[in-house]
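Peer 1: Here are the chains, one letter per residue:
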Amino acid sequence: MRIINLQPTRGANYFIAIVPFVLLLFIYIVFSDARLAENPDDKLLPSMTSISAAIDRMAFEPSRRTGDVLLWSDTAASLQRLAIGMTISAFLGLVVGVCNGLVPWFSAFWSPFVRVISMIPPLAVLPILFIVFGLGELSKYVLIILGTAPFIMRDMEQRVRELPKEQLIKAQTLDASTWQIVVRVVLPQVTPRLLDAVRLSLGAAWLFLIAAEAIASTEGLGYRIFLVRRYLAMDVIIPYVIWITFLAYLMDLALRRINVLLFPWFGTKR
Amino acid sequence: MSLIAIKNVWKSYDEKTVLENLNFTIERNEFVTIVGASGCGKTTFLRMILGEEGPSRGNIEIDGEKLIAEPGKDRGVVFQRYSVFPHLTVLQNVLLGLEFASAKILCHSTGSTRKQQIQRCEEMLDRVGLLSSADEYPDALSGGMQQRLALSQALVVEPKILLLDEPFGALDPGIRSDMQALVKELHRELGLTVLMVTHDISEGFSLGTRVLVFDKTRMDPHEPDLFGSNITYDILVGSGQKEQQLAMNM
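These protein sequence lines map, in sequence, to chains X and B. 1 is the number of the first residue of the first sequence in this note's numbering; add one for each residue after it. 1 is the number of the first residue of the second sequence in this note's numbering; add one for each residue after it.
Isolated chain B, as found in the complex (with noise of 0.2 Å):
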């Protein structure tokens, strides 16, 4: 069974459409690039994955589930930005996540519980480099050490899909490479299933295991807001002829 099922999935907003009928799945393990203009509908897609959202018409299925509008567990997300809380330090930012498992009325965790998660979250803070870093509170931190920080406090509850919204949309070029890099890793290494949002063409490309292309297939000049978007290539990154077949449309 596929991780993620998109049945007949439409999205309206009053009189304008957004998405329209969506089919496709997404398998284990992937990392899907979904690329498009600005207002193609690809941030629209990914909050309805979310689940900030819910579509007007159709379902999304993870693991064979109905998804329901509302975020939870099996998903985890960075955006560009705010996806980390200024109140807490690093560590603590990181904690978070095993404190709202294992702490359901004190909301806080203690004793031998605290050091276990503790030791999980400077391992996870290690491997993306700000071990150094977890006393300091995020506003010390440059913008690639937030969203390495929010990675980190996404990936240590172990989500089934890791979802990614332009996360380096606000980055400097160097530092986002650098960060590419990271993703890419950590993708391998975990074995995570990974969505991500981007306008980069050239990202979509190196990061995805697939990338989709979102765009309208159907045009009203008087109503432009007649029809909404749908995949218009769905591309395996490495079998050669699409992507050609694509560059020479773009």
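Only chain X is shown next, with the shape it has when bound in the complex (with noise of 0.2 Å):
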């Protein structure tokens, strides 16, 4: 039989997908405990126990400088940033996206511009981000909404022009105006594929994020990790990049999740 044509049953299929984290895993203890073996104050590759111990510290004690439980007030902060940032993002996104798509006359003052905007490296842009908006909350929103913002702006604009011209014609003789057709043809066929670019963006937002939380900051989980970099600290880092990752999945699985129950006609268009 031809490989392509071999599939796992249910039950293999999660073994095997399980069997890459494992094996991972395994190797870095492999690796960590022959190095601690030669150096016990070797730094790079930790210990589980060292590690458990950092989670234990940073997770469910409150830290004495603080008084807060560093872990938690971390993700607070970064997790506050990236919503405001992708809400906002999100937000024009649509708008644009919308007008943009279905506005001829909107589309020729603004698409070029969007798609030049869209081309600027927003970490080039990120010390005048920081010279214009300071050094606090702000200029961490204006850089997730840079980096963001027009990649979903011409999304949308893109997703909003492959609707079937037929259904826009259909709407006419039905006798919408714009403002109908856009409320009732356009946005309920495009917001489905909104959250789709909210999550496809979501990488982009992160990356963002913990690269302006590693240069001007005083909480959030890039801050923390670029601060305990001065002391080799990996049993604070390793954790905190897993817990990054863990939460970046989960929000991934949400909005997928929100898709299927939100707009049960999308699943089929796929």
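One should not assume that every hint holds.
Straight-line distance between alpha carbons at most 30 Å, and here's what the computed DSSO-like set of lysine-lysine pairs gives [stated by the list, open to error]:
{"#": "1", "chain 1": "B", "residue 1": "Lys7", "chain 2": "X", "residue 2": "Lys165"}
{"#": "2", "chain 1": "B", "residue 1": "Lys73", "chain 2": "X", "residue 2": "Lys165"}
{"#": "3", "chain 1": "B", "residue 1": "Lys216", "chain 2": "B", "residue 2": "Lys7"}
{"#": "4", "chain 1": "B", "residue 1": "Lys104", "chain 2": "X", "residue 2": "Lys165"}
{"#": "5", "chain 1": "X", "residue 1": "Lys165", "chain 2": "B", "residue 2": "Lys160"}
{"#": "6", "chain 1": "B", "residue 1": "Lys115", "chain 2": "B", "residue 2": "Lys66"}
{"#": "7", "chain 1": "B", "residue 1": "Lys66", "chain 2": "X", "residue 2": "Lys165"}
{"#": "8", "chain 1": "B", "residue 1": "Lys104", "chain 2": "B", "residue 2": "Lys7"}
{"#": "9", "chain 1": "X", "residue 1": "Lys165", "chain 2": "B", "residue 2": "Lys216"}
It is worth saying that the hints were derived from the structure and are not from the lab. Quick caveat, the model's predicted, so the values are computed rather than measured.
Hints in hand, dock the two standalone chains.
Peer 2: Structure (structure tokens):
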């Protein structure tokens, strides 16, 4: 039988999916043990016990200096920045994208501009943002928005243009105004695609968030990682990275689920 | 006064002339089928009646009023595909046109208005045999059922003219004949004026009360795009003689 026709069963699927993770953990433990056997003070690959001690310290004990439990206060700070930045991005992306996709005059004015802006590498203008908006929260929001909104705008414009022309004509033969077409025909059909676009830009948003936090911040997941880097504290960095990955995965999963729940007609279109 | 008057209508794209000097009228309650080879301009003609594009020269008048190049509520349409909204259920699809009329700002009707509208839609769905699927999404329907839905969606707002652009082209033969029967019935019962484009000549004759054949009357072999199509046959179905003449010529 050809290999393209061999399907793993459901149970086997789950099992196979776990294997790479277990393998990675195993390889880590082997190498960590080997290094620690040679030098018990090695900081590069800390043992499981020192990692779990670090997790205990960061996630369950209040910090001696601030009284906060650091992992949670960092998480709250980072998620707040991400949520505010992405919400504004999604809103801008939807409004500009729908107008660009639907109104020729609007698009003649904005589309070329958006296309050029989307080519600016956001990290290259980070210094400008810090100078203009200061080192506070605002510059972090602006970096996330600058990094993700143009992509969402362009994606939404494309999605609106992809709607069959027949649908827009049909709506007009039913005497729909432009406003009614937007509300009843366009928005309902591009909203699930907006959630998809947001989901796909989350990776970029995390990148910009951590970059901004690394450079100028006093709390946040990215700030913490770059702070403890000075002490080679891999026992803190590794759990933080795993935690960030987990959060990103959860967001991705949640957005997918929301799409399936809210837009039952959408699943069959993909 | 005729319902539709076509006056000296030309249509060309850049160097290519598609239609030239069309002059004719269409009366109320006619079922006009437009047949012709592919590329003869029959769909272009329908698109001009629809208002999707305007003529290059000349005028199209509906009830004596000059048509602007924009679709409107007096002309309902069913395309070969994509005529229904995939994000709305069957009932919501039919309801949409009524909601557009009654809820200009909110876009959703409410209360007793909505109840009456739903009742009207259900009658329409019952008429085309879709009432039992009222809560399904279009993707769950077969091609024939989707076209029934598109028909009821267009008819519920009572347009003056129903435009059909190869509406049965993508359907299986058995379903196609069911649909043809349905359209014929609806035309008779509701007193509709129908314009249908088809490439199937026998369909044109079995459905239409009048058949228009589009073809080029002049041909320059060195420049095939120079001349456009015109009406080569204008046949009232049932008048006998001309049909035979056409059959012999084709």
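Peer 1: All hints, please: hold or fail.
Peer 2: Against the structure, the hints come out as follows:
no. : hint                   : in the structure
1   : B:Lys7 with X:Lys165   : 28 Å, holds
2   : B:Lys73 with X:Lys165  : 17 Å, holds
3   : B:Lys216 with B:Lys7   : 18 Å, holds
4   : B:Lys104 with X:Lys165 : 22 Å, holds
5   : X:Lys165 with B:Lys160 : 22 Å, holds
6   : B:Lys115 with B:Lys66  : 37 Å, violated
7   : B:Lys66 with X:Lys165  : 24 Å, holds
8   : B:Lys104 with B:Lys7   : 35 Å, violated
9   : X:Lys165 with B:Lys216 : 29 Å, holds
Comparing the model with each numbered hint stated earlier shows that hints 6 and 8 do not hold.
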